[in-house]
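Please model the complete structure; the sequences and the hints are all you need to start from.
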Amino acid sequence: MPGEEFAPVARYVVETLGAEGIVFVPELPDRGAPSGMLGRTLGLVPLPIDLQPAGWRLAPGEGMDQRRARSALRQDLDLLEELLDGQEVVVKQQVTGPLTLAATVERPRGDKVTADHGARRELADALAEALVDHVAELRRRFAGELVIQVDEPAITAVLAGSIPTASGFGRHRSIDAPVADALLRPVVDAIRAAGARPVVHTCAPDVPVSLLAGAGFEAIAFDVSLAQPSDVWAEVFESGTDLWFGGADAPAVEDFMGRLGFAVESFAGRGAVTPACGLAGRTPPETRRALESAVSAAASFG
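For the sequence shown, the working numbering begins at 149 and goes up steadily by one.
In short, the hints are calculated from the structure, not lab data. Even for Gly, the Cβ is constructed at its ideal location relative to N, Cα and C. Some hints could be false.
Derived Cβ-Cβ restraints for the label pairs, each shown as a range [stated by the list, open to error]: (1) A411 with E210: 17 to 27 Å; (2) G309 with E210: 24 to 34 Å; (3) P196 with A330: 20 to 30 Å; (4) A202 with S448: 38 to 48 Å; (5) E386 with P201: 27 to 37 Å; (6) L227 with A428: 12 to 22 Å; (7) D264 with S387: 15 to 25 Å; (8) H265 with A428: 38 to 48 Å; (9) P256 with A416: 45 to 55 Å; (10) G362 with V412: 25 to 35 Å; (11) G309 with G362: 16 to 26 Å; (12) G318 with G362: 23 to 33 Å; (13) R257 with A291: 25 to 35 Å.
Below, the structure is given as structure tokens:
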């Protein structure tokens, strides 16, 4: 979300989505790296990490920016808890997933964690451990259902082997689907065991649908303008994985479901409509229109 002040943004989210929608914990990257997608998550994990000019890096000791990230999230949750005041609404917290973390966080001596099997596993396990504790904290704060959305914007690039090396001249080796599953599954299991619903979100055009459903995510959130309806989408939906349509109006949802071979009525109770990716890069009026459009589209399905 755009802006630097959490309170007015959170108040708008609660007023717009609180009754029937999913109240999400807004991310405000305009406040700096500790409040962005990566910073929020790295403030949770029990690994020492600091912020370098090139980005976040595993470190011998906890850095100041990691502490800032943890403190900022705690303050944001305090404000959201006060705004909700015990209301039983669905609350969603976004975290960066293990594959995207591995593709963006650097090892102590440089280059990405994705290049090191042991470091990949350590980071994924740390995320799973952190989420058990974090869901417990959210449970203490909020009365309703909890959703943890695992953001994986880099998953397609990781699987394809297109993450650039530090020099920029090479590419890191691709990660095979079984290896990716082994990183995702402990995170999913930790979320579910802690009592929250695991959902995965990616805006990549080639969503690895079977991998994500197979890892145990209960819903896949995607950009409807980039995804191509196919048999694999139909198979995972029929098997029980819900679909969250990003950037869709009601006709787009109806068209996508129809091309999968399902009546639009099957969407009711099995999906959600969300804004498209990139709210932080939009103006406040554009963001409000995107959220209100999603609410309107979702309401048309009852």
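Query - Hint numbers not upheld by this structure, sorted from lowest to highest - result: The structure conflicts with hints 1, 5, 7, 8, 13, although it agrees with all the remaining ones.
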